[in-house]
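Produce the entire structure from the sequences given, and follow the hints as far as they go.
Those protein sequence lines, which keep their order, are chains A and B. In my numbering, each residue carries its 1-based index in the first sequence increased by 923. In my numbering, each residue carries its 1-based index in the second sequence increased by 4.
Hints are computed from structural coordinates only; laboratory data are not their basis. Built from N, CA and C at the ideal position, the CB exists for glycine as well. Each hint can be trusted.
Sample of chain B residues at the chain A side, in silico, Cβ under 7 Å:
(1) Asn143
(2) Asp155
(3) Thr174
The chain contents come next:
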Amino acid sequence: MKKIAVYSILIAMLAATLLTIQYAYAQDTIKGQVISLDEYLTGGTGKVTKDKAKTLADAGHAIVLKSGNTIYFVYNEDGSFAGKRLASFATAENVGIVGKTKTVHGLNIIIMTMIDAM
Amino acid sequence: MSYSKLLAVLLASLLMGFFVTSCTEDDPVDPTNEKPAAPTNLMALSVNETTIHLKYDISPSEQNSLFQDYFLNYWVVGATANPMTMTVAKGVNPIAVTGLEQGKVYEFQLVARYTNNESSETAATVKWSPAARFELTVNDAPIRVYETASDFGSGLQIYYSNEDGPRARTVSNSAEWDLGLRTVGNTIMFGSATKLGYNFSTAPQPTFMMTDYFLADALNNVFDSKAMDEGDRNTKYAETTLDLATVAGSQNAIFYVRKYQPGKTRYNYAKVMVERNQTSGGFLHGSTPNRHLVLHISYQRVEDVPYAKTAVN
Chain A
924 MKKIAVYSIL
934 IAMLAATLLT
944 IQYAYAQDTI
954 KGQVISLDEY
964 LTGGTGKVTK
974 DKAKTLADAG
984 HAIVLKSGNT
994 IYFVYNEDGS
1004 FAGKRLASFA
1014 TAENVGIVGK
1024 TKTVHGLNII
1034 IMTMIDAM
Chain B
5 MSYSKLLAVL
15 LASLLMGFFV
25 TSCTEDDPVD
35 PTNEKPAAPT
45 NLMALSVNET
55 TIHLKYDISP
65 SEQNSLFQDY
75 FLNYWVVGAT
85 ANPMTMTVAK
95 GVNPIAVTGL
105 EQGKVYEFQL
115 VARYTNNESS
125 ETAATVKWSP
135 AARFELTVND
145 APIRVYETAS
155 DFGSGLQIYY
165 SNEDGPRART
175 VSNSAEWDLG
185 LRTVGNTIMF
195 GSATKLGYNF
205 STAPQPTFMM
215 TDYFLADALN
225 NVFDSKAMDE
235 GDRNTKYAET
245 TLDLATVAGS
255 QNAIFYVRKY
265 QPGKTRYNYA
275 KVMVERNQTS
285 GGFLHGSTPN
295 RHLVLHISYQ
305 RVEDVPYAKT
315 AVN
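Now the structure itself:
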């Protein structure tokens, strides 16, 4: 419960900041894997099934992109958190996200314009 | 004439009158035995795994005051003992037939009926089987194959059984390509993965496209009257590609495809529609370096059932 509250606050803070900065940065393609942040922070690889990822996303848990050793929180262009969108790609070996990247309060974010399996 | 003879004649006349009257009142005869003309040109399309739409040319007898309706009989081919039936009101065209089972081939027979209980002497007929429709990949994304310069996949696996749907593949997954896209210069080569000219580390398995392709506005408004391997169609499948830049017009392009799934010896059939970009008029969508084709797929999961979706012929 505490974890969900922390995520919610983080997401709200990021969303507010994002709308003001999203057009100032160039488009990148970030390649990585879709993971559950919960699973990753508890020592696992973070990989979960598509159904589990969807269940976690629906319950407010963070589904994120891991590229190398970097974790990205991914947002839609309208500023909403894109965890549910990412969850559909949980079983893909690799995912590419085209968007603008930025570090906000020490967190890496992507404002996603496109996503697909790679 | 004697009184008794006159009475006998009158009695006989009365009896005759009764006989004639009873014949006309108790045993009425229909004003006509006329039969309606049959509907013609019955065609089908698979909407999904359980539903088929049937379209037909109406009976010329629809204008006759005796016209009642149409009547559809259908059964699984080889199981004529258990026909299913449906009454079809005048004006219902196409007919939606639901509750079917993918992989089973059904024969449909449509007749016209008059109110005098007469039906057309002949029926319009077609055989068809429902098939799956895929508009999204296994990742719930539009089905896309990307230009050669893109980091995204230029290859398509038409059907990935583990996740029950199509998925895009990159060169690193080359063994799983069925169809693909290669963009060189102004060409937009689409077709069998083996014929695209990529340097694969592991060659894909053959995928065969019919050399004829068809144009249509959408998969949902075109119908077919024969199987994908019927007649000379069966001789036209080859590992081949087509430069979509040469396809004129404003409609989408539809390709018939068949291939053996891994370990199988019989074909699975599919129809793949490449959606035209209505803004540019070409087939590529998006912007460089991620221009892509958008695909729609009708796929027959059951082997050796050459019916999948629609075509114009």
